[in-house]
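Colleague: Chains as they are written, first to last, in the working numbering: chain A, 1 to 257; chain B, 1 to 257.
None of these hints come from the bench; they were simulated from the model.
Careful, some of the hints might be misleading.
No copy is singled out in the list; a pair is fine if it fits within one copy or between any two copies.
[Stated by the list, open to error] Below, computed lysine-lysine pairings styled on BS3-like, alpha-carbon distance capped at 30 Å:
#1 K190 with K163
#2 K173 with K18
#3 K190 with K4
#4 K153 with K173
Predicted model only: the values in this text are computed from it and were never measured.
2 protein chains.
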Amino acid sequence: MSKKPVILVTNDDGITSKGISALVEVAQEFGDVVVVAPDSPQSGMGHAITIEQPLRLDKVEFHGEFIGWQCSGTPVDCVKLAVNKVLHRKPDLCVSGINHGSNSSINVIYSGTMSAAMEGAIENIPSVGFSLNNYDLNADFTASKHFARIIIKNILENGMPEKTLLNVNIPNKSKKDINGIKICRQAIAKWEEEFDERTDPRNRKYYWLTGKFQLYDEGADTDEWALANDYVSVVPVQFDLTAHHALPHFNNMNWNA
Amino acid sequence: MSKKPVILVTNDDGITSKGISALVEVAQEFGDVVVVAPDSPQSGMGHAITIEQPLRLDKVEFHGEFIGWQCSGTPVDCVKLAVNKVLHRKPDLCVSGINHGSNSSINVIYSGTMSAAMEGAIENIPSVGFSLNNYDLNADFTASKHFARIIIKNILENGMPEKTLLNVNIPNKSKKDINGIKICRQAIAKWEEEFDERTDPRNRKYYWLTGKFQLYDEGADTDEWALANDYVSVVPVQFDLTAHHALPHFNNMNWNA
Numbered sequence: 001m002s003k004k005p006v007i008l009v010t011n012d013d014g015i016t017s018k019g020i021s022a023l024v025e026v027a028q029e030f031g032d033v034v035v036v037a038p039d040s041p042q043s044g045m046g047h048a049i050t051i052e053q054p055l056r057l058d059k060v061e062f063h064g065e066f067i068g069w070q071c072s073g074t075p076v077d078c079v080k081l082a083v084n085k086v087l088h089r090k091p092d093l094c095v096s097g098i099n100h101g102s103n104s105s106i107n108v109i110y111s112g113t114m115s116a117a118m119e120g121a122i123e124n125i126p127s128v129g130f131s132l133n134n135y136d137l138n139a140d141f142t143a144s145k146h147f148a149r150i151i152i153k154n155i156l157e158n159g160m161p162e163k164t165l166l167n168v169n170i171p172n173k174s175k176k177d178i179n180g181i182k183i184c185r186q187a188i189a190k191w192e193e194e195f196d197e198r199t200d201p202r203n204r205k206y207y208w209l210t211g212k213f214q215l216y217d218e219g220a221d222t223d224e225w226a227l228a229n230d231y232v233s234v235v236p237v238q239f240d241l242t243a244h245h246a247l248p249h250f251n252n253m254n255w256n257a
Numbered sequence: 001m002s003k004k005p006v007i008l009v010t011n012d013d014g015i016t017s018k019g020i021s022a023l024v025e026v027a028q029e030f031g032d033v034v035v036v037a038p039d040s041p042q043s044g045m046g047h048a049i050t051i052e053q054p055l056r057l058d059k060v061e062f063h064g065e066f067i068g069w070q071c072s073g074t075p076v077d078c079v080k081l082a083v084n085k086v087l088h089r090k091p092d093l094c095v096s097g098i099n100h101g102s103n104s105s106i107n108v109i110y111s112g113t114m115s116a117a118m119e120g121a122i123e124n125i126p127s128v129g130f131s132l133n134n135y136d137l138n139a140d141f142t143a144s145k146h147f148a149r150i151i152i153k154n155i156l157e158n159g160m161p162e163k164t165l166l167n168v169n170i171p172n173k174s175k176k177d178i179n180g181i182k183i184c185r186q187a188i189a190k191w192e193e194e195f196d197e198r199t200d201p202r203n204r205k206y207y208w209l210t211g212k213f214q215l216y217d218e219g220a221d222t223d224e225w226a227l228a229n230d231y232v233s234v235v236p237v238q239f240d241l242t243a244h245h246a247l248p249h250f251n252n253m254n255w256n257a
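The following block holds chain A by itself, in its conformation from the complex (with noise of 0.2 Å):
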């Protein structure tokens, strides 16, 4: 590649994350990186776009050095308006993160960080959420960035095969821990849900939504456990949610009554 790539780095945990600077940090080796990146945190905000309210899109400096855009909308939002209103093109790469805390499985459904990269897949740009199984705000990223250099080597290197993204986790261990990249599925899991029910200063109740997960799949072909067995997973993901194999039995049904 002669010139120079255009990268374009979003998130869902907000443009201040430590999360975000380590994914700028290794996309900066290979590119020109555009920072867009929502404004406060918007984890779990699926695939959400704001169409009630206007959206704000603000230039950040961090001790007099501009740093990127923030942007009052979700992860999505950040997409759509740097594509259009700051980079006036399609960057040559998306890449989406590193989160704090997993998206492996069905967590990949309400995960801000891989729906902005969905969201690039849609415009057709090669795309990649990665995230690290830590919620902690100071966790550690030195491994990550040693396994998103090699990712994002290989997307610009070998491109994507159109209508695909990658979803990426990363376990929480260090770099010698970590046995390297397996390409997976998505398990079969879910969140057990346990509202936390309360009462307000007025009397009135109020729910925090809470969970366990639940995995309901043994495969070793799985995401779930590639990181339980301290591997990267990689995850090739779609955005044509048709359930193909079951169109032959909504076909044989009687649709006539």
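Assemble the complex: chain A is given as a structure, and chain B must be docked to it using the hints.
Modeller: Quick look at chain B alone, frame taken from chain A:
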């Protein structure tokens, strides 16, 4: 079925919308209906969940009659709260809508209506999202009710394959002008964004998300084709986002750089 089924009705336009009333009327022909829906419009919320704020859940009466529960959160929150804090069991069916506006093709990704149904499916509840191709608050749901009736009856009698839900979109036509129900795949399409840039009274810029729908799919087996040809489109949807067809491609790459 000897016992009446319990049917959860939700949506993303909010509990006072005309579309949810239409769906409640149909559902009541088949079972005991419980409504848990957002207290305000939640269009475009995708699969967002509320984790940064607590949730409210309040009974709603109209003309002294209890009509359901309103929730301060997203459509997905509504399904989670309905199962855990209202029903204390899984309903026999979860229906979402009838949305004011289409959720065909790529819109399934952004749609709160469809994410509520997807959350039902993740909970292993047979789930269907319904949308009418008309954004008007006072849209006519007569034909929609007819087709919702056929589909609900079919699913209650024949069940739903595991890990599958249905995305139903209904043309904005009278019943006699609709040619029937067609099982489809999700068409390849995207939105071409065009942010509407304005300046506020304090001289700061803000942006409204807007755009043009672009169809990149000529297939006669797609939901867009069905709607353009006056069929009700029914797309089986899955929440395993793995791009299974792309696994060999990535397995053949060298990841040990």
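Colleague: Look at each hint and say if it fits the structure.
Modeller: For each hint, the structure was consulted:
| no. | hint | verdict |
| --- | --- | --- |
| 1 | K190 with K163 | both (25 Å within a copy, 12 Å between copies) |
| 2 | K173 with K18 | within (17 Å within a copy, 52 Å between copies) |
| 3 | K190 with K4 | between (41 Å within a copy, 28 Å between copies) |
| 4 | K153 with K173 | within (22 Å within a copy, 52 Å between copies) |
When held up to the earlier numbered hints, the structure conflicts with none and fits them all.
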